[in-house]
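Q: Mapping of the sequence shown onto the numbering used here: position 143 corresponds to residue 154, and the numbering continues sequentially without gaps.
Be careful, since some hints might not be right.
[What the hints assert, rightly or not] DMTMM-like, lysine to aspartate or glutamate: derived pairs with alpha carbons at most 25 Å apart:
id, residue 1, residue 2
1, Lys113, Glu123
2, Lys113, Glu99
3, Lys113, Glu91
4, Lys113, Asp35
5, Lys85, Glu130
6, Lys113, Asp92
7, Lys85, Glu145
8, Lys85, Asp35
9, Lys85, Glu58
10, Lys113, Glu79
11, Lys113, Glu125
12, Lys113, Glu101
13, Lys85, Glu125
14, Lys85, Glu99
Since the hints were derived computationally from the structure, they do not count as laboratory data. Bear in mind the structure is a predicted one, so any value in this text is a computation, not a measurement.
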Amino acid sequence: MDSPLLQHESPWNTELLLPRITQDAGLTQMQIAAGGLSLVLSRLSPEFARSRFLPTRRVVQRLTRALEYRNPAKAHLVAEDVAQTLRECERALDPGTAMALKSLLAQTQRREAEAAQNERADDYSLSDFMAEQELAFGSGVETRPHSLTAN
């Protein structure tokens, strides 16, 4: 009983913990941005990154989610976060990452302007929220907010 879904290659390389290279231009742009931002964040002490680079970490988490699903719409980027990320990391970014982020910022601003004009919101589901919480708090039970009140 071979299902075509089981034969479909995963978008995530589990050995390297990186997204697989794709021919999709939108995803490639997100890979470049996520990789460059992850490199910048990896150079910081964890405490400093947690206290000062919140929008940057959010952008990386959302880009990672889009890459895991191979769906740029799953990023749910917020223009304000992307703009703040550019301000926070501007001097440390390589030119390719800076160009990718500026392009993502322009796309996000266009999408938000269209949404405001048409009075519609992004398709942000409960599963998107739960996945974002999982990225933010990790998968360990002891790190989830509700586990602090247990026992």
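Q: Does each hint fit the structure? Answer for all of them.
A: These are the hints, each one checked on the structure:
1. Distance check on the hinted pair: Lys113 and Glu123 sit about 15 Å apart at the alpha-carbon level, within 25 Å; holds.
2. A threshold of 25 Å between alpha carbons decides the hint, and for Lys113 with Glu99 the separation of about 13 Å falls inside it, so the pair holds.
3. Distance check on the hinted pair: Lys113 and Glu91 sit about 12 Å apart at the alpha-carbon level, within 25 Å; holds.
4. As the CA atoms of Lys113 and Asp35 are separated by approximately 18 Å, the hinted pair is consistent with the 25 Å bound.
5. In summary, the hint linking Lys85 to Glu130 is supported, as the alpha carbons are separated by about 20 Å, within the 25 Å threshold.
6. Between Lys113 and Asp92 the CA atoms are separated by roughly 12 Å; this keeps the pair inside 25 Å, and the hint holds.
7. Taken as a hint, the Lys85 and Glu145 pair is honoured in the structure, with Cα atoms around 15 Å apart against an allowance of 25 Å.
8. Annotation: proposed proximity of Lys85 to Asp35 holds, straight-line Cα distance about 15 Å (limit 25 Å).
9. The hinted pair formed by Lys85 and Glu58 fails the criterion: a straight-line CA distance of about 28 Å is larger than 25 Å.
10. A distance of roughly 22 Å separates the Cα atoms of Lys113 and Glu79; the hinted pair therefore holds under the 25 Å criterion.
11. The hinted pair formed by Lys113 and Glu125 meets the criterion: a straight-line CA distance of about 18 Å does not exceed 25 Å.
12. For a cut-off of 25 Å, the pair hint linking Lys113 to Glu101 stands: about 11 Å separates their Cα positions.
13. Proposed proximity of Lys85 and Glu125 is supported: the alpha carbons are some 17 Å apart, at most 25 Å.
14. As the CA atoms of Lys85 and Glu99 are separated by approximately 24 Å, the hinted pair is consistent with the 25 Å bound.
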